[in-house]
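**Q** Sequence:
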Amino acid sequence: MTIEGRQGGAPKRRLRLGMVGGGRGAFIGGVHRIAARLDDRWELVAGALSSDPQRARDSAADLHIADDRAYSDFAEMARAEAGRPDGIDAVAIVTPNHLHHPAARAFLNAGIHVICDKPMTATVAQAEDLAAAAEASGRLFALTHNYTGYPMVRHARALVAEGGLGTVRVIQVEYPQDWLTVSLEETGQKQAAWRTDPAQTGGGGCIGDIGTHAFNLAEFVTGLHCTQIAADLSSFVEGRRVDDNVNMLLRFSSGARGMLWSSQVAPGHENGLRLRVFGDKAGLEWHQEQPNHLRVTRFGEPPQLVTRNGPGSGPAAAHASRIPAGHPEGYLEGFAQIYSDIAEQVAARIEGREPDPASLLVPTVADGVRGVRFISAAVDSSRNNAAWTALSTH
Numbered sequence: 005m006t007i008e009g010r011q012g013g014a015p016k017r018r019l020r021l022g023m024v025g026g027g028r029g030a031f032i033g034g035v036h037r038i039a040a041r042l043d044d045r046w047e048l049v050a051g052a053l054s055s056d057p058q059r060a061r062d063s064a065a066d067l068h069i070a071d072d073r074a075y076s077d078f079a080e081m082a083r084a085e086a087g088r089p090d091g092i093d094a095v096a097i098v099t100p101n102h103l104h105h106p107a108a109r110a111f112l113n114a115g116i117h118v119i120c121d122k123p124m125t126a127t128v129a130q131a132e133d134l135a136a137a138a139e140a141s142g143r144l145f146a147l148t149h150n151y152t153g154y155p156m157v158r159h160a161r162a163l164v165a166e167g168g169l170g171t172v173r174v175i176q177v178e179y180p181q182d183w184l185t186v187s188l189e190e191t192g193q194k195q196a197a198w199r200t201d202p203a204q205t206g207g208g209g210c211i212g213d214i215g216t217h218a219f220n221l222a223e224f225v226t227g228l229h230c231t232q233i234a235a236d237l238s239s240f241v242e243g244r245r246v247d248d249n250v251n252m253l254l255r256f257s258s259g260a261r262g263m264l265w266s267s268q269v270a271p272g273h274e275n276g277l278r279l280r281v282f283g284d285k286a287g288l289e290w291h292q293e294q295p296n297h298l299r300v301t302r303f304g305e306p307p308q309l310v311t312r313n314g315p316g317s318g319p320a321a322a323h324a325s326r327i328p329a330g331h332p333e334g335y336l337e338g339f340a341q342i343y344s345d346i347a348e349q350v351a352a353r354i355e356g357r358e359p360d361p362a363s364l365l366v367p368t369v370a371d372g373v374r375g376v377r378f379i380s381a382a383v384d385s386s387r388n389n390a391a392w393t394a395l396s397t398h
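Going by this note's numbering, the sequence shown opens with residue 5, and the numbers climb by one from there.
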């Protein structure tokens, strides 16, 4: 299936993308750049890739960014790009968490669409401020909860929405990793260093890094809002200043109940995001490490394995699929789907038309606010001996 077929028409031009963060030595910046290029909707033309001026220039040169669009300060970049006739259409913010708020605010104030990594901000107050700024600016604000871009995740969401599971009763979600089983941050490893520094993460470690992905996935697929949580956050590695393991009970407004486990100290687990949802008619199960398969079991019947772009996978999965069934798609393609759907929304605004409705599943600033409130509530609950703590549904 062609890109044009998935998006409803060839774009008038590639959209111009800027990036804040993601210079030499970064991980997620490279992922964003690959994802943005994959469907040929974006071209990276500007960046403030590091707070160190020399590293910013060197990183820009690595990416073939013109000298006059290689910035050492995101505020300068926002002002300059807003004033150019060929200025960027959107900016991707891929810095450590504590810089998301000031960078996003600068570009929203300059009238530029924002694509931001998660969690959206370090504090609830910052998240609410960004939500207000996004509304006042009239610009798009997209949050890269990339797992929502997987075809079978979108099929699972559609299946729940159309009543295929009946009334949802139980939601089980987990996200175990093992890369922080030892004190990797003490070795100088860049990713471990900032992700375990409360000054850069905002006070949550595992809960903010991957627990938010698990929480977002549970709400995205079921369409339900969690209203209360009881969380137990642990720091098992001696000297670690943030949590590295999370156990949590969830209560949903519909009456459904759930459990969430996320861990970065679980030997044998690389990137084990898994979701199970059970209704009174059927259940489903999806594993991120085998993302092309969705297991659906109707009560009293044999399990059914639905494959990406295969029979029975539905239009939501087809929209997010690039190649025929049997050819694996994964992490980069799921991430690319977020960028492709954002591109469709931005292009529609430029061209004065309505966007393809299938592109509107991109997580928004409201999802970002919920994610930061979730982290804050989890930290508060754990400090109060895992007491049930309210989570706003707004």
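One thing to keep in mind: the hints can contain errors.
List of simulated lysine to aspartate or glutamate pairs, EDC-like, C-alpha gap at most 20 Å [stated by the list, open to error]:
{"#": "1", "residue 1": "Lys16", "residue 2": "Glu358"}
{"#": "2", "residue 1": "Lys194", "residue 2": "Asp90"}
{"#": "3", "residue 1": "Lys16", "residue 2": "Asp90"}
{"#": "4", "residue 1": "Lys194", "residue 2": "Asp56"}
{"#": "5", "residue 1": "Lys285", "residue 2": "Glu166"}
{"#": "6", "residue 1": "Lys194", "residue 2": "Glu358"}
{"#": "7", "residue 1": "Lys16", "residue 2": "Asp62"}
Just so you know, the hints here were simulated from the structure itself, not pulled from any lab data.
**Q** Now look at each hint and say whether the structure bears it out.
**A** Structure-based check of all given hints:
1. Lys16 <-> Glu358: Status holds; Cα separation ~15 Å.
2. Lys194 <-> Asp90: 34 Å, violated
3. Lys16 <-> Asp90: Distance of about 15 Å is within 20 Å: holds.
4. Lys194 <-> Asp56: This hinted pair holds, its Cα atoms lying about 15 Å apart.
5. Lys285 <-> Glu166: Since the Cα atoms of lysine 285 and glutamate 166 sit roughly 12 Å apart, the hinted pair holds (cutoff 20 Å).
6. Lys194 <-> Glu358: Measuring from Cα to Cα gives roughly 42 Å; hence the hint is violated.
7. Lys16 <-> Asp62: Violated, at about 32 Å.
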